[in-house]
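Heads up: the sequence lines are chains X, S, H and L, in that order.
Per my numbering, the very first residue in the first sequence carries number 1; after that it's consecutive.
Per my numbering, the very first residue in the second sequence carries number 1; after that it's consecutive.
Per my numbering, the very first residue in the third sequence carries number 1; after that it's consecutive.
Per my numbering, the very first residue in the fourth sequence carries number 1; after that it's consecutive.
If you're looking for bench data, these hints aren't it; they were derived computationally from the structure.
Fair warning: there could be bad hints in the mix.
Remember, identical chains collapse to one label, so a pair may be satisfied in a single copy or spanning two.
To be verified - Derived DSS-like pairs (lysine-lysine); straight-line CA-CA distance at most 30 Å: (1) K351 <-> K312; (2) K215 <-> K231; (3) K381 <-> K312; (4) K153 <-> K215; (5) K351 <-> K153; (6) K232 <-> K153; (7) K351 <-> K437; (8) K161 <-> K312; (9) K232 <-> K319; (10) K437 <-> K312; (11) K351 <-> K445; (12) K351 <-> K217; (13) K165 <-> K312; (14) K105 <-> K443; (15) K215 <-> K351; (16) K376 <-> K53; (17) K153 <-> K105; (18) K215 <-> K376; (19) K215 <-> K342; (20) K105 <-> K413; (21) K105 <-> K165; (22) K217 <-> K437; (23) K231 <-> K53; (24) K215 <-> K381; (25) K319 <-> K342; (26) K217 <-> K381; (27) K376 <-> K217.
There are 4 protein chains.
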Amino acid sequence: MINLKEECGVAGVIIHDPAPPTNIVAFKLYYALYALQHRGQDSTGIVVFDGSKPRSIKRMGLVSEAYSRDTLQDIVGYVGVGHVRNATYGTQTIENCQPFVLNFKGGTIAISHNGNLVNSTELRDELESEGRIFTTALDAEIIGLLLVKELLKQEPVDALKSVMKRIIGSYALTIMINGDLYAVRDPIGNKPICYGEIEGGYAAVSESVALDTIKGKLVRDLMPGEIIVFKKTGEVESIMTTDSSFAAHCVFEYIYLARPDSIIDGQLVYSARERIGNELAREHPAAADIISPVPDSGIAAAIGYSRESGTKYLEGLMKNRYIGRTFILPHQEMREMAVRLKMNTIGENLKDKSVVLVDDSVVRGTTSRRIIDMIKDAGAKEVHLRVASPPIVGPCYLGIDMPTRAELIATHKTIEGICAAVNADTIGYLSADGLVKAIGIDKSKLCLGCITESYPVPIPGEKCYCDKQCKMDDFVPEGEKKEE
Amino acid sequence: MINLKEECGVAGVIIHDPAPPTNIVAFKLYYALYALQHRGQDSTGIVVFDGSKPRSIKRMGLVSEAYSRDTLQDIVGYVGVGHVRNATYGTQTIENCQPFVLNFKGGTIAISHNGNLVNSTELRDELESEGRIFTTALDAEIIGLLLVKELLKQEPVDALKSVMKRIIGSYALTIMINGDLYAVRDPIGNKPICYGEIEGGYAAVSESVALDTIKGKLVRDLMPGEIIVFKKTGEVESIMTTDSSFAAHCVFEYIYLARPDSIIDGQLVYSARERIGNELAREHPAAADIISPVPDSGIAAAIGYSRESGTKYLEGLMKNRYIGRTFILPHQEMREMAVRLKMNTIGENLKDKSVVLVDDSVVRGTTSRRIIDMIKDAGAKEVHLRVASPPIVGPCYLGIDMPTRAELIATHKTIEGICAAVNADTIGYLSADGLVKAIGIDKSKLCLGCITESYPVPIPGEKCYCDKQCKMDDFVPEGEKKEE
Amino acid sequence: MINLKEECGVAGVIIHDPAPPTNIVAFKLYYALYALQHRGQDSTGIVVFDGSKPRSIKRMGLVSEAYSRDTLQDIVGYVGVGHVRNATYGTQTIENCQPFVLNFKGGTIAISHNGNLVNSTELRDELESEGRIFTTALDAEIIGLLLVKELLKQEPVDALKSVMKRIIGSYALTIMINGDLYAVRDPIGNKPICYGEIEGGYAAVSESVALDTIKGKLVRDLMPGEIIVFKKTGEVESIMTTDSSFAAHCVFEYIYLARPDSIIDGQLVYSARERIGNELAREHPAAADIISPVPDSGIAAAIGYSRESGTKYLEGLMKNRYIGRTFILPHQEMREMAVRLKMNTIGENLKDKSVVLVDDSVVRGTTSRRIIDMIKDAGAKEVHLRVASPPIVGPCYLGIDMPTRAELIATHKTIEGICAAVNADTIGYLSADGLVKAIGIDKSKLCLGCITESYPVPIPGEKCYCDKQCKMDDFVPEGEKKEE
Amino acid sequence: MINLKEECGVAGVIIHDPAPPTNIVAFKLYYALYALQHRGQDSTGIVVFDGSKPRSIKRMGLVSEAYSRDTLQDIVGYVGVGHVRNATYGTQTIENCQPFVLNFKGGTIAISHNGNLVNSTELRDELESEGRIFTTALDAEIIGLLLVKELLKQEPVDALKSVMKRIIGSYALTIMINGDLYAVRDPIGNKPICYGEIEGGYAAVSESVALDTIKGKLVRDLMPGEIIVFKKTGEVESIMTTDSSFAAHCVFEYIYLARPDSIIDGQLVYSARERIGNELAREHPAAADIISPVPDSGIAAAIGYSRESGTKYLEGLMKNRYIGRTFILPHQEMREMAVRLKMNTIGENLKDKSVVLVDDSVVRGTTSRRIIDMIKDAGAKEVHLRVASPPIVGPCYLGIDMPTRAELIATHKTIEGICAAVNADTIGYLSADGLVKAIGIDKSKLCLGCITESYPVPIPGEKCYCDKQCKMDDFVPEGEKKEE
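Okay, chain X solo, but in the shape it has when bound (with noise of 0.2 Å):
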C-alpha cells in the first residue's frame, strides 16, 4: 500500500570510549525510546551490537511493558538503534517489530525507519523479481534488500548513497553497520531527526527531547539528504547527497505530532504552537470569555491565542492521565463513558461561558463534535471553534496518520458546512500563510501536501512540485533495471 501509516520514533546510540562492552548503550536507548513513545505505542524493539553478534529484544506494546531491567542487561554493546512503532491496522505482529535486523555476507545490518517509501510497490516488486522474498511487510526490509546489494559492490556510505537514489518517500533512518552508526535523513528533510553528543560518543534520535532524556546535548538537526556516519572510532563525518536547497518538512510534526519540548529544524515546538495560536487570534478573533484547549496537542496554540487576543487563557477540558488499554461493552452509554474517561469538562469553567476552543486540527469531524457538544452539555454559552491548522483535504503519502480523502470533512464541506456539522457556533482555520509564518520556515521548504494537494514527491494521480528537485527520473533511471 502506498499510504500506511508508519508514525514512528528512531534512535542510535553508539559510545566509542567505554569501558569493555556494557549495557549502558540499551539503557540509553530505553531511555530515548521511552521520551519517543509518543510517536508510536504498538511495539518497540532495541538491537545493541558488541562487534561480534548482534542481541535484540523486540515486543508488542509500550516502552513501559516491552523491557525488563533482566532483558535489557543481558544485551550488550557498543552500539545499537532502537525503534517505536505506530502501526497500520493489520500489521501489528511481532515480525513487524522493528529494528529490522539482517545478516548478509558482510556481516549485520540493523535499521530503524521513520517514514513511508512512496515507491515502495515498485521497489517491492523489482526486488521479487530478482527473486528475493520479503518476511514483513516493512519499508526498513526494502532498503535493507536494497543496501545488501549496494554494500557487494562498495562501500558503506557509497551504498547508502546509491540506495537513497532509488528510495522516494520520507525516511529518517538509524542503521547499524557492521558497528558503524549511521543517521541518515531523506533528501526532502521530511521526517525530523537529529544527533547530539552524549557522555563518551554520540546519539541519533527522531525528536531533541530523546537527547534531553539522556543527557545527550544536541548538536543540530540532520540536513535533507544527508548522511552522518558515527564510526566505533569516535570519528564523525557528515556527507551531503544532494545539492539542492530544497526541503519539505512536515508540517504536522509542529501542528499537532512532535513533543513540544522538541527543537525540529531550528524551531521549538512549543514556541511554533504559541505563534500559531497568535496568529490564530490575529486572523480569527472572537469576543468570548475564556481561550480553552483541546488537551494536549491545543494547549500551546491556546496559550498563544489567549496572550495576542488578550482573553483569558482557562481549561475546561481535563485529560485523564492514566489512559492504557480500555475495553468497552456494546452499548451506547458505555462509549459515551469511554469518551469522558478520556476527557472531561470542568464544568464551572464552561458554565454559561462564551469559549474559544484551540484544537490542532480538524480531521474527519467527529471527534470535535464529539468534543463541542461535551462542552455545551456543560454549559457553556457559545463555543468558537479556532483550528491550529488549515482544512485538510489531502491524504498524506509519507507517514502521517490520516484518512482517505473521502473521510476528510474539509473536501466534501464548506466552511460553514463544517461548523455546523461540528456544532460550533463560529469557527476559523488558521490559514496556509499563517501556519507557514507561525512555523518560522520558508514555505518552500515545508510539506503542506494535505494542506495543498501538492506534494514534494511523485505519486499518481496527485500533482506534485518536485520537478526540478526530485525527479522520479533520478530515482528510477530508465536503464537501471533492465540488466537485472
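Keeping the supplied structure of chain X fixed, place chains S, H and L upon it in accordance with the hints.
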C-alpha cells in the same frame, strides 16, 4: 503504625431499576475507578453482589492492567463497591487489596475505605483481646470487625452509627451490606466523598469526576458524619450522626491530590487552585519574565498567578505522558536520566529568563532542588519559587503520604535556608490565611494539621483542637470495654 | 457445603541449625510442593517466618508457574508452611489460596490444611454467632479462628487439643505458630501426613515423596490424633490426643490419589497397588492375550495382575506427557480430539487381542466407556475390564473429589448393567476384602465409606460406625451450643 | 554450525471439502503439535492461509502456553503448517521460531522443517554472495531462498526437486506454497514423516500419533526422497525424486526420540523397543531379582527384557509428571534436590535387590551415574546396567541433540571403564546387529552414524558410505564450488 499513608479512591454503584442481574455495575465501577486512578496506583478491586453471592476481582497494579473484558463480564450483580489503593511500603500485597470482603452470620459485607484511623492500634488490640484475628493490615478490616459486632445487635444504620463512635480518624467509605449500598463520611469530613444519580440508580465516589465519567449527575457531597443508604428498592435515606457543624476538610485535596475537574465540598478544585495562584501573586509578587508551573499540579495556580500578576504564563517544564514503571541501573548518570525522563525542560522558554516557578508544595525540598537545577541548567537567569501552600511542618496522621517531621525541610530550616537549599533566588510560600481564603471554605472547617501542627483529632503527642467536637473520650469511653 | 472436594498437599519445614535467616526454607517448601503437585493443581502458596514477620507468596496455578527464583529468594525465614490445592468449582479464587495466615493478639499463625471438616457448617454458624467473620471459604479459617480462641487461654499444644475436640472430619495440618512448627493428624488418621529429618531441621509433609525430594529421611507417619511440635530450638515433641486405636485411613490414597513411590501408613503405595492387581487376578481371572493398564494409576495393579495371572503385560494406551491447559471448540469432533490428545491407543498392541484392561476405579462410567470404545476401535477383540477397587456407592465427605450418589454408576446399575454401559465384554471389581487384604492394613483402620456407605464420622443421613471412638457428642459438648 | 541440534516436529493440514474458510485447520494443527510436543519444547508456530493472506501465531514456550482459544479462532484458512522446536542454545529467539514465512513474487510460502543440513554453511555463503540476506539462523530460510529462486523458473514440484538436489542432510518438510500443501522427505529418509486422511482433507506429520490425535487415518510413511502434493482441489500426487533404494532412517527415533505409540517406517516404536529388550536379554543376560526401566524411554525395552529373561518387571524409579520449568539455587544440595524432583526411587522395590536397570542409551555417562547412585542409596544390592543401544562413539550431524565426540564417554573409555564410571556392577550394551534386528529394518536402510562413525552423507572429516547413492558431487555440481 499510626500514620499509614493511604491515599485511596472509593466507589459504590447500585442499580435499582435494571434488567435481571447484569455486568453493568461492574463496568461502571471499572470506569469510575479509572477516573480515580490518580488516588492510588498500587492495587485495585471490584466486588459485586447479585443478591446471593459476591463476585470479586482483585489485582496488584493499575486499573488498565487489572481488569479484562472477560473478567468484568463474569461478575454480575446489581450493587458493588470498588477501590484503588496507593499503599505504604511493605503493605503492597494481594492480601491488602481492597474492597475488604467478609461473610458473617448476617450475610456478606464489602468495604472500600479511603482514610486513616488514628486509633487503629487500640482498636486492633481490643479486637485481638477478644480473640479476633486479622488477615490484612487494613483499617477496613478493623471497621469490618466492629461493624459485624454491631450488626448482630442492631440494624445496619444503627450499627454504622455505633462503629462511627469507636473509630477516630479519616474515612470515606462505600460499603455493601447484603445488597444495600452505604456511603459514609467521617464526622470531620476529612476525606472527600459525594454521590450522584446514574441511569437507573446511584453512585457514591471519592471525587465527582468519577460521576462525570459514568454519566452520573452530582447530587452533593456527603456531610461530615453523614451516612447515606442507597436501598436496592431505589430509596435513598440520609442519616446525620453528628449535630456539630465542625469540619476538617483536608486542604491537600485542593493543593495537589484531587483532580482539578473535581468539585469537593462545593469548590471546584481547578478554581481553588487558580485562586491560590491569585493569592500567591498578591502575597509574593516577583518581577519576572514568565510564570511557569511544575506540571501537573502547579498548572492552575500558575495560571492564576500569571493572571493576577500580569506576567506571561509560559511552560518551562514538560511531563512525559507515557511514564509507567521504569527501572534504573545503580549508576548516577542513570538516576539523572530517570528524572529527565519524567520531566524535561523547554530550553528556549527558559533561556535568559527570570522565571517564577509555581509548585504545589515543598516537602523534603529534594524534588524542588532537582527541578530548579534543571531550569538553571537550561539557562534561566533567575528562579523565583512560589509555593502554593504554606510550609509543611507537621506530619499527616489522616492518610496523606507525607514523611516524618524530621524529613520535612520546613521543620529545621528557615525560609531563607530553604531558599538556599533548593537553589532558588527568592522563595514565597502562600500564607495559611491566603490558602484558606483561596479554597473558599471557612478556616474552622478545614484541616490544616500539617501546616499548624494542630490536629482535628486527638493524636498522642500532638496538639488537638477538637476537644469540644470530637473528644477522644467520646469515642473510647472508659467503661466501654468492660462488658466485652 | 458438607462435601467440599479438597484434595490438597501440605508441607512444613523448620531449620533450627542454620546460618542467619535464609531462603533455604522457602526453596525446600517449593521443592516439596513440586513433589506433591499431583494432590492439587489449582493454587499454591508458601509462607515463611523469620521470627518477626511472615512473608508469603500465593498464586493460582501450578507450582511451576507460581514461583520464580526472584520471589522465592525474597522470602527469608527459618520456618514455613506450604500448600497445593485442588479446589471445588467456584472456590478457585486467590482468597481461598492457602496457607491461611492470620495475626492475632499472640502473634502470627499460618495454616495448611488437607481434608474436609464435616461439621464446618455448624462451626461456621457458631463462630459467626459470636460475631466473627470469614474472609475465605476454607476450613483452615475455621480451624484458625478456633485455634486463636484457645490460644488466648492456653499453650499451643493444649489449644490444638481443644480445637481437635471441636472439629470433626479429616485433617492433616502443618501449622506455624509464632515460629514453631506443628504437624497434626486427625484422630481417625484419614489424611496422610508424615515427617522426617532434613539437613539442620525437620519437615512434615503429606506424602513421603516430598521428603525424598528435599533429601529428607522419613522418620514415620503421624499417628491418628497425633500432634508433633518441631520447636525452633530443635526439640521435637509428640503428643497423642486420643488413646483409641481406632483409625480410618482413606483407601483411595492407595487406589489412585497418592504417588506410587510414597509410603503411607507404613505401606508403599506401589506395592499395595501390585497386590491389588494380584488379588484382582485371583478374584476375576480372564483368558486374555494381554494385560493392559489405564495409565498412570492402573500401571502397578496391571503389573500385579499380569504376574499373578501369567498373562503378558503390554501397554495398549499411551498418555501424552505434555498435557497442560487445553481448550476445545464446541464441536463433537474437537471433543474427541481432546480425548485422544490425552490418551492414545497403541494399535498394534491391541489389534485382534483379547485385552484385560486394569483401571483404578469406575466412578460415573463415562471415562471407562470412552477408553473401551477407543480400544475396540483400535481392533481389540475383547475387553475385560478389571477394576482395582470395589463399586463406589457412597459419596466422600472427607475430601476426595467424588460426585453425588446419583452420579455414581454403581448406585443405579447392576454389575451386568455397568458392564454393558461401559461396553466391556466382562467386568470384575475387586472385593472390599480383597482391597483390604492388598493394602495390608486391618479393615478396622481403614475408611471404606464410599464402598460400604458406613462412615467413620457422623454424617447427617448416613450410617456411622464411629460411635465408640469419635462420638459427635464428644466433639460438640452438650452445653456448648445451647444458647445460640 | 554444521551440527545444530534441531529436534523438531512438523505438521501440515489441508481441507479441500470445507465450508467457507474456517479455523478448523488451525485447531487441527494445534492438536497435532500438542501430540508432537515431545519433539520440541522451546517454541512453536502455526501459519494458515485462506487463499489470499497468511495468518500466523508464533511464541516461545510450550504448545499449552503459546496458543489461546481466541488467537486460534482468529486464524482462518483451509491450509496451514505448524512446528514445534527444540533449539540449540543461543538460537532460542522469536526470530527463529518456525514455520518460516516468506512473500515473494509468486505469492506466499510457509515452511516447517525438521532436520539439519550438513551443507548449510556453503549454501548460506553462496546465497549471501548473491546479495541475499538472512534474518534467522534457520535451515528453513536457506530452503526458502533456494525454493524461491527455483519457483521463478519452474513449477513447484520441479522447483522442490531442484532444491532437493542442492541441500544435503536430513529434512522432513511441510510446506505451504500458495495454498497447496507439500510434504517432503530427504532422499535418505532420515527424519520421519507420514501422511493420512482426515475429515475432508489430509495431514502430513512427523509421527503418526499426531494423525491419531486429529482423528486421521495413517496412509503411509513418505518414501525417502518423496514429494507429496496435497492440492486445494483434493488431489494427491506423489513424486519420487530418487530411484535409489538407499535409505538411512535414524535409529535414535526408535531408541528414544519418537513416541512409543508412533509407527515409523512401518515399525511400531513400542514393539521395536520391546524387541530391543528381548535382544538385550539374549545378548546380556543377568541373574537378578528384578528388571527395572529408566522411565519413560526405557519402559518398553525393560518389559521386553523381563519377558525374554523371565525375571520380574518392577519399577524402581518414578518420574514426577508435573515437571515444568524449575530453578535451583547455586548450591550443591539444591542441585541434588532438582534431580530428585524429576526422578525418585521406590525404595522398597529396590532394597536388597539385584537390579537389571534398562536405559535407552549412555551418552556422557553422568546421568547414568547419578541414577545408579540413587538406586544404590535406596538399598539395591547390585545394579546391572543394560543399555538399549550400542556405545555412542560419533556425533550426530543430522539433528539429534548429542554432544561432541570428546564428551561421549564411549570414545575414551573401555566398556569396563564405563561400567566403573557409572558405578554399575555389570554393563551390557546392545550390539549394532541386535539393534538392527530389533528395529526390523534392513541395516542398509538405517543411519547408524553415531554408532559406526560412518555417515550416510558426506561430512568433512568423517567417513561416508554414501558415495554411490548420494554423491556430494551430485548435490554441489562440479563447477559451482570448486574450492570446497
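For each hint, the structure was consulted:
| no. | hint | result |
| --- | --- | --- |
| 1 | K351 <-> K312 | both (15 Å within a copy, 25 Å between copies) |
| 2 | K215 <-> K231 | within (21 Å within a copy, 57 Å between copies) |
| 3 | K381 <-> K312 | both (16 Å within a copy, 27 Å between copies) |
| 4 | K153 <-> K215 | neither (39 Å within a copy, 55 Å between copies) |
| 5 | K351 <-> K153 | neither (70 Å within a copy, 49 Å between copies) |
| 6 | K232 <-> K153 | within (22 Å within a copy, 43 Å between copies) |
| 7 | K351 <-> K437 | between (35 Å within a copy, 23 Å between copies) |
| 8 | K161 <-> K312 | neither (53 Å within a copy, 48 Å between copies) |
| 9 | K232 <-> K319 | neither (45 Å within a copy, 34 Å between copies) |
| 10 | K437 <-> K312 | both (24 Å within a copy, 22 Å between copies) |
| 11 | K351 <-> K445 | between (44 Å within a copy, 27 Å between copies) |
| 12 | K351 <-> K217 | between (46 Å within a copy, 15 Å between copies) |
| 13 | K165 <-> K312 | neither (52 Å within a copy, 49 Å between copies) |
| 14 | K105 <-> K443 | neither (45 Å within a copy, 41 Å between copies) |
| 15 | K215 <-> K351 | between (45 Å within a copy, 18 Å between copies) |
| 16 | K376 <-> K53 | neither (60 Å within a copy, 42 Å between copies) |
| 17 | K153 <-> K105 | both (12 Å within a copy, 25 Å between copies) |
| 18 | K215 <-> K376 | between (45 Å within a copy, 15 Å between copies) |
| 19 | K215 <-> K342 | between (32 Å within a copy, 13 Å between copies) |
| 20 | K105 <-> K413 | neither (56 Å within a copy, 42 Å between copies) |
| 21 | K105 <-> K165 | both (23 Å within a copy, 23 Å between copies) |
| 22 | K217 <-> K437 | within (28 Å within a copy, 45 Å between copies) |
| 23 | K231 <-> K53 | within (17 Å within a copy, 42 Å between copies) |
| 24 | K215 <-> K381 | between (48 Å within a copy, 21 Å between copies) |
| 25 | K319 <-> K342 | both (6 Å within a copy, 18 Å between copies) |
| 26 | K217 <-> K381 | between (48 Å within a copy, 20 Å between copies) |
| 27 | K376 <-> K217 | between (46 Å within a copy, 15 Å between copies) |
In summary, the numbered hints that this structure violates are 4, 5, 8, 9, 13, 14, 16, 20.
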